[in-house]
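Chains as they are written, first to last, in UniProt numbering: chain S, 1 to 85; chain P, 1 to 148.
Quick caveat, the hints were computed from the structure, so don't treat them as lab data.
Where a beta carbon is used, it is the ideal one built from N, C-alpha and C, also for glycine.
All the given hints hold, so there is nothing to weed out.
Derived DEER-like restraints, expressed as beta-carbon distance ranges:
id, chain 1, residue 1, chain 2, residue 2, range
1, P, TRP16, S, LYS28, 20 to 26 Å
2, S, MET1, P, ARG42, 42 to 48 Å
3, S, ALA30, P, GLU135, 35 to 41 Å
4, P, PRO19, S, LYS28, 22 to 28 Å
Each computed BS3-like pair below joins lysine-lysine, with the alpha-carbon atoms no more than 25 Å apart:
id, chain 1, residue 1, chain 2, residue 2
5, P, LYS53, P, LYS127
6, S, LYS28, P, LYS127
7, P, LYS50, P, LYS81
8, P, LYS81, S, LYS37
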Amino acid sequence: MPERKVTVESEVGLHARPAATFVQTAAKAALGVTVAKGNGEPVNAKSILAVLSLDVRQGDTVVIKAEGEGADELLDELALIASAP
Amino acid sequence: MTTVLAPVAGAAVGLWAVPDPVFSEGLVGPGLAIEPLREPGRAVAPIAGKIVKLHPHAFVVVGDDGRGVLVHLGIDTVQLKGEGFELLASEGDRVGAGQPVVAWNPVEVEAGGRCPVCPVVALDAVKEAVTRIAEGPVNAGDELFRWT
Numbered sequence: 001m002p003e004r005k006v007t008v009e010s011e012v013g014l015h016a017r018p019a020a021t022f023v024q025t026a027a028k029a030a031l032g033v034t035v036a037k038g039n040g041e042p043v044n045a046k047s048i049l050a051v052l053s054l055d056v057r058q059g060d061t062v063v064i065k066a067e068g069e070g071a072d073e074l075l076d077e078l079a080l081i082a083s084a085p
Numbered sequence: 001m002t003t004v005l006a007p008v009a010g011a012a013v014g015l016w017a018v019p020d021p022v023f024s025e026g027l028v029g030p031g032l033a034i035e036p037l038r039e040p041g042r043a044v045a046p047i048a049g050k051i052v053k054l055h056p057h058a059f060v061v062v063g064d065d066g067r068g069v070l071v072h073l074g075i076d077t078v079q080l081k082g083e084g085f086e087l088l089a090s091e092g093d094r095v096g097a098g099q100p101v102v103a104w105n106p107v108e109v110e111a112g113g114r115c116p117v118c119p120v121v122a123l124d125a126v127k128e129a130v131t132r133i134a135e136g137p138v139n140a141g142d143e144l145f146r147w148t
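Could you put together the complete structure from these sequences and hints?
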């Protein structure tokens with residue numbers, strides 16, 4: 001399954017604006033998308049509750065996975081959001 | 001159906017009144033906000049459930065039906081790094097609706113140049129699922145909105 005591993009650079013981690021933007025982008029896609037913190041359990045990347053509960057902080061690594069048509073483009077976009085400072 | 005309570009005392013306002021587009025544009029989810037009374041207070045759990053995330057400036061309670069409600073105490077208050085906030089519960093605790101979770105002082109938040117308005121957001125909900133109950137003044141623990 002295509003995946004991207006990125007380090008979260010935002011000062012607030014994957015909370016507030018980065019989290020909301022990340023989830024909105026994932027939710028627009030017709031594919032299933034998951035995100036995990038490090039080697040942790042993947043959660044639904046389309047759920048703001050799931051993403052906020054992951055509690056990703058600045059400097060943490062996340063692994064984003066998606067499968068299906070357009071997965072690579074979507075993952076590139078999500079990786080960009082997650083790694084934006 | 002979930003009835004979401006006001007976590008703090010003040011005036012119930014629309015999310016549009018929150019000076020942060022993440023909330024005012026509904027990016028986090030639908031809900032309401034409270035313009036808090038300018039006095040020290042205790043923010044209470046808006047629903048019964050488990051505190052899945054507890055930061056000094058924000059917390060999420062998830063009910064037994066899996067629905068999560070976010071309470072954010074002021075805008076950009078993450079920058080305070082917990083100063084001026086006292087945790088009255090722990091992450092992972094089960095709380096009743098209306099049980100105190102964080103003590104804070106909106107006066108201090110405002111004195112520090114930040115807006116103390118408190119968004120209360122139904123996470124992963126569609127806009128149509130939220131119906132406003134409160135108009136104007138509310139006490140902490142009063143019914144704020146209905147989530148169907």
